[in-house]
Amino acid sequence: MIESFINGTSMLFGDPISILVFACGLFGGMLFGAVPGVNMLTLGAVLLPFTLTMDPAHAVMLYSVIYCSGVFGGAITAILFNIPGAPENAPTCFDGYPMTVKGRAGKAIGAAVCCSALGGVASTCLMMGATGAIANWAVRAFGPQEIFALIFFGLSVSASIGASTLWKGWLSVFAGLLIATVGTDPVGGIPRFNEWALFGKEYKSYYLSAGIHFIPMILGFFAVSEVLVQATNIAKGIRERPKASLDFPSAAEFWRVRYTMLRSVVIGFFAGILPGIGATLAAFLGYSQAQRWSRNRANFGKGELEGVVASETANNAATGAAMIPLLALGLPGGALTAMILGIFQIHGMEPGPLIFITSGDLVWITFAAMFWANLLIVMLGWVQTKTVVHILRVPFRWLAPGILLLAAIGAFALRNLIIDVWIMFAAGIIGYFLRASGYSAAGIVLGLILGKLGESAFSKSMQLMQYDYTGFFSRPIAAILLALGAMAILSSIVREIRMKNQAMAPG
Amino acid sequence: MMMRQVWRPALEWLVWVVLVTVAYLQIPTFDQEISVYAYGPSGWPRAVCVALLIGATCQLGWQIMTLWRDTTSADSNREITAVTGSKNARTVAAFSSYQSIIQRGCFFLAPFLYLFVATRVGFYVSAPFFILLLLLLLEVRSIWALLSVTLTIYGIALLVFTRLFFVALPVGRANPFYDINNAIIAIVRTGI
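Residue numbers (this note's numbering), protein chains in the order written: chain A, 1 to 507; chain B, 1001 to 1192.
Take every hint as true, because none was put in to throw you off.
Straight-line distance between alpha carbons at most 25 Å, and here's what the computed SDA-like set of lysine to any residue pairs gives:
id	chain 1	residue 1	chain 2	residue 2
1	A	LYS452	B	ILE1027
2	A	LYS201	B	PRO1028
3	A	LYS452	A	PRO191
Derived coverage of chain B by chain A (criterion: at least 3 residues anywhere in the stretch with Cβ under 8 Å from a Cβ of chain A; other residues may be distant):
id	stretch
4	1021-1034
5	1048-1059
6	1098-1104
7	1127-1139
8	1164-1176
These are calculated hints, taken from the structure and not from any lab test.
For each residue, glycine too, the CB sits at the ideal point set by N, CA and C.
Given the sequences, and given the hints that come with them, work out the whole structure.
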């Protein structure tokens, strides 16, 4: 393995074109990841036609590097402006932005940089060592029942994130699940909620047949609602300007959160392997587990470094893992890995167990590129920390119109539908009031992202088990995940009651 | 204050119930049979509606129980703090001048006005006015700042999305604006 890795590295850095492609992927991914509205998928889609004339190894490498750096890039705007560049950076907002408000933006970005690199490197090493074995296990062991159970577990442990009470957290998730039902049903393709009958009148929306996309919702709930909150504070004359700090986290601070990093690597890696689950659930799970086990649990959501560490480690740990089913079995886990599969097909290649024999060079240059890309994130991220934080010195009054305009363009560019921009601004206002009432915008987004996937897995499970619910418990992994999810719900209820009792206790 | 504490959870519950009822009443419009799936397209939405109703009722029960046990509602303070960033809820609640309310209302409505206008006169024509409007609502009064910030944001947006990424943005439906928008695109892309 080490020999193959060295060969891959020498192929990568021994060829000027490889270096150029590598650098383009690295900077392009970071740039597109950091700009709200466009993301690494936009870059991937734009570049796809050009891969036809590229060497297949360079093309696959380019997309792998974009994947690594793009997931990291979204953390910058999440921390500085409460605008996640991608869904997987949403949990980074919870503590990253409060840190910025407290004048600790440098530390938050520094932590995101180092933890993204650590998560990515660890994941790449695991990927290099055990692609074949892990992919076989994961794909055989994880059917629709397990996917549904995992989503149930993920929602159970992440529901209360960002909400003032457990019930409000769950209500937020359910609202997200309800929004996810708009569009077409996953089994029969029948349109849902695109025809409305209210007060004797019927309304039909062609656009709603395509469903409500989560990107405008994320932009609305995070970017637009944040601008509205700050605009309200300006109108009231109570807005405090965040201080721009350039402090990088110390080694001691990282040492204090070592277990959180390790836990998030494991969570991110296993979530990343599973098709469709990917980095978003990984980040939410990483964050919720960090909150669960942390000694500073009460500080989560108020600017706790551990929160940034957990979500950024987990989402980058998912990147290497997502390549495993793709390379070993030809199963893409998400949109970007699907594009990589497309590149294989464009060049007449078929990923699968034989790829290590038939295209060993391609595989190892990709592995090496992902490894070095993750390492270089530290260096580039350090430079970014020292430069990008200065944006905070620009008055928010000047930035706000730019943020809204950027968000509007991003929402529109997604599908060229103006309804997406309407939805984004509506979500922004709803998000403003939900935040004011203690509900969780992140919970709604999580429900929205996982809703369709969950329904699809549930319907397939039901068909496979012939509508026998006990069938879930005949599959060990599904049974364990469901039991853990139920335990998580019960324990969170008990914790909520205890906290209430403690608050009521005299003194 | 006590009345507000009692009414607020009830109002929240009512909002959820109305939302669920409206959604539930729409389900029959797509309640068709799918031969391979017994629950059909309406099974999952129905379950989510029921879950929402249970969640909302539990939330109401929880809050009423908390009030009944005479607990000071920490949530209310937390809620206002979340929006305002201030720890002193009373000071914040007391602050409400008409000017501030109108200013906030305009800021909330501005994006919708912009969308309404942008689909008719096009993005390229309406965007600078939208930026200018937001700056004015955010109490920027210096002419220099208004012009320079508007031009900077508009210029960057044009360069990045029109020249670099070739994003197709709305060009409007009304004829003169349609032509003006296309002219702006041509100038930005070709530099002529």
